[in-house]
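Mind docking chain B on chain A? Use the hints.
Which chain is which? The protein sequence lines are A and B, in order. Take the first sequence: its position 31, counted from the start at 1, is 31 in my numbering, and no numbers get skipped. Take the second sequence: its position 47, counted from the start at 1, is 47 in my numbering, and no numbers get skipped.
No wet-lab data here; the hints were simulated from the structure. All figures in this text were calculated on a predicted structure; none of them were measured in a lab. A couple of the hints might just be wrong.
[What the hints assert, rightly or not] So the derived label-pair ranges between C-beta atoms look like this: (1) Pro234/A x Asp186/B: 57 to 63 Å; (2) Val221/B x Lys145/A: 56 to 62 Å; (3) Ala7/B x Arg136/A: 37 to 43 Å; (4) Gly18/A x Phe88/B: 30 to 36 Å; (5) Thr212/B x Gly118/A: 49 to 55 Å; (6) Leu119/A x Gly100/B: 17 to 23 Å; (7) His84/B x Asp46/A: 43 to 49 Å; (8) Tyr233/A x Asn37/B: 43 to 49 Å.
[Said to hold, decoys possible] Covered, in the sense of this in silico footprint (three residues per stretch, anywhere, with C-beta under 8 Å from a C-beta of chain B), are these stretches of chain A: (9) 23 to 34; (10) 47 to 58; (11) 81 to 87; (12) 96 to 107; (13) 124 to 130; (14) 193 to 207.
[Stated by the list, open to error] In silico DSS-like cross-links for lysine-lysine, where the CA-CA straight-line distance does not exceed 27 Å: (15) Lys126/B x Lys87/A; (16) Lys176/A x Lys68/B; (17) Lys161/B x Lys149/A; (18) Lys176/A x Lys61/B.
Virtual Cβ for every residue (Gly too), placed ideally from N, Cα, C.
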Amino acid sequence: MKSKRLGIEQVASFLRDGMTIMYGGFMGNGTPPRLMQAILDSGVKDLTMIGDDTAFLDASRGPEGVGLLVRNKRIKKLITCHIGLNKEAQRQMIAGEMEIELIPIGTLAERIRAAGSGLGGVLTPTGVGTSVGEARQDITINGKKFDQKQTININGRDFLLELPLTAELALLEAVKADTFGNLVYYRSMRNHNPLMALAAQTVIVEAHEVVEVGTIDPDHVMTPGILIDHIVYPA
Amino acid sequence: MTQEMSAKEFIARRIALELKDGDVVNLGIGLPTLVANYLPEGVHLTLHSENGFLAIGPVPKDIPPVGKPRTVNAGGNPCSILPHGSTFDTSISFALMRGGHLDACVLGGLQVAENGDLANWMIPGKNVPGMGGAMDLAVGAKSVIVAMEHTNNGEKKILKKCNLPLTVKSRVSVLVTEKALFRFHDGKMVLEEFAPGVSVEEIRAETEAAFTVSDKLKEMVISQTGL
Chain A
1 MKSKRLGIEQ VASFLRDGMT IMYGGFMGNG TPPRLMQAIL DSGVKDLTMI
51 GDDTAFLDAS RGPEGVGLLV RNKRIKKLIT CHIGLNKEAQ RQMIAGEMEI
101 ELIPIGTLAE RIRAAGSGLG GVLTPTGVGT SVGEARQDIT INGKKFDQKQ
151 TININGRDFL LELPLTAELA LLEAVKADTF GNLVYYRSMR NHNPLMALAA
201 QTVIVEAHEV VEVGTIDPDH VMTPGILIDH IVYPA
Chain B
1 MTQEMSAKEF IARRIALELK DGDVVNLGIG LPTLVANYLP EGVHLTLHSE
51 NGFLAIGPVP KDIPPVGKPR TVNAGGNPCS ILPHGSTFDT SISFALMRGG
101 HLDACVLGGL QVAENGDLAN WMIPGKNVPG MGGAMDLAVG AKSVIVAMEH
151 TNNGEKKILK KCNLPLTVKS RVSVLVTEKA LFRFHDGKMV LEEFAPGVSV
201 EEIRAETEAA FTVSDKLKEM VISQTGL
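Here chain A stands alone, though its shape is the one from the complex (with noise of 0.2 Å):
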């Protein structure tokens, strides 16, 4: 089988001006750092990046995770559910320097889980009555456009329409892999890690360990291997 061991100087290869990219990770927690870093080396730019946060901007605190590249102005648009403890995020969205679209955390995981499941969308209740139901979100049903999120009722309940949300690459970090790809996270930094590995085209890990075939029991595997085209060793 053909190895998907990739070098952190491989990863460039698969990155370029105005990509879309999703990252694994909430509050830097599961963010693959050494993927980040690789991102900002490679000096691609005008990047539209999704996923949870844009984590601590006090690295004492915890990883910076995606701020790296916020800091380092990579970022084009941010599609995420919460800025508040990185104030360089707010300032540029505040001055208009990075296009911020804020959605709830449930609707990013669905989203993201729909694209991953071949699902044609979603349908929550959170968010209905809100901005988050007025947001522009281009859709044709039955040959009809309509260019606002739909609010469909169900049985005397309504519910927001979310689109799938899918990306050209997707960037995990695991605490093991093992040379299939099949992956283990620890504790809170699974996250949104497995919901990604589905819906992207090209999927990269940073694990923090690497083991042979057949020493992670089956039924512990957290991500199936076949969704894993490559993966990033230790250092």
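Below, chain B alone, put in the same frame as chain A:
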């Protein structure tokens, strides 16, 4: 309210009495987190952490350095997981919220309206942190408890209609301030408790929203844990 106790602590102590032993609860960041400090003896909650686990435990003695695998809460701060806990991805974590599997959530508030609308996630042009998990929590938890100071430097926050962007429509179950406790019954707001030394007239004067006064109106009792 005693002179020494802050409004925030008073509110947290009252909310601590709303929760029952065995409840599965999500506590928001800030004032809501304080509630866990004041639970009465014998009341044990399973706390949900929206970043993907159940049964939040204390800060560990040896915190792994940044870069090493570690467990953090939804605020990104190191914590542990109690023995009955479990971990999962974000899809399951938010299914627990929207699917009605949480007994209660405690959220901070900027404004609450008389029909149970809540605004708590942004002040346009001033502070736009993002809604995070607040909208999903408020939509799905069986009981939505809002912890909020009654006014903001004299400005009313309990309104006929919120003028800040909403977090959720008509989902607030209980609103606790340092002056009053309101419950929402079928979209109507009812004053059920007043803080010691606070009159109904004072509450009316500081509340724009229309509310009725319960025929079981009583003085608020708070958790004495640790006092």
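Hints versus structure:
1. Taking 57 to 63 Å as the suggested C-beta distance range, the pair Pro234/A and Asp186/B conforms, at roughly 58 Å.
2. The beta-carbon spacing between Val221/B and Lys145/A, approximately 58 Å, falls within the hinted interval of 56 to 62 Å.
3. One distance hint, 37 to 43 Å for the beta-carbon pair Ala7/B and Arg136/A, holds here, with the actual separation near 40 Å.
4. Between Gly18/A and Phe88/B, the C-beta spacing of about 34 Å keeps the proposed range 30 to 36 Å intact.
5. At about 51 Å, the beta-carbon gap between Thr212/B and Gly118/A stays in the expected band of 49 to 55 Å.
6. A beta carbon spacing of about 22 Å between Leu119/A and Gly100/B agrees with the range 17 to 23 Å that was offered as a hint.
7. Range check, His84/B to Asp46/A: Cβ separation about 47 Å, and the 43 to 49 Å hint holds.
8. Checking the proposed 43 to 49 Å range against Tyr233/A and Asn37/B shows it holds: the Cβ atoms sit about 44 Å from each other.
9. A stretch counts as covered by a chain when three or more of its residues have a beta carbon under 8 Å from one of that chain; for the stretch 23 to 34 of chain A and chain B the count is 5, and the coverage holds.
10. Only when three residues or more bring their CB closer than 8 Å to a CB of chain B does the claim for the stretch 47 to 58 of chain A stand; here the count is 4, and the claim holds.
11. Figure legend: the stretch 81 to 87 of chain A, annotated as covered by chain B; annotation consistent (5 residues with Cβ-Cβ distances under 8 Å, at least 3 required).
12. Given a C-beta distance limit of less than 8 Å, the hint that chain B covers the stretch 96 to 107 of chain A holds, as 6 residues qualify and 3 suffice.
13. By the rule of at least three residues with a Cβ nearer than 8 Å to a Cβ of chain B, the coverage given for the stretch 124 to 130 of chain A holds, with 7 such residues.
14. Requiring three or more residues with a Cβ within less than 8 Å of a Cβ of chain B, the coverage given for the stretch 193 to 207 of chain A holds, as 3 such residues are present.
15. Annotation: proposed proximity of Lys126/B to Lys87/A holds, straight-line Cα distance about 12 Å (limit 27 Å).
16. Under the criterion of a C-alpha separation no larger than 27 Å, the hint pairing Lys176/A with Lys68/B is consistent with the structure, at around 13 Å.
17. Between Lys161/B and Lys149/A the CA atoms are separated by roughly 24 Å; this keeps the pair inside 27 Å, and the hint holds.
18. Note on Lys176/A and Lys61/B: the hinted pairing holds, with a Cα-Cα distance of about 25 Å set against a maximum of 27 Å.
In this structure, every one of the numbered hints holds.
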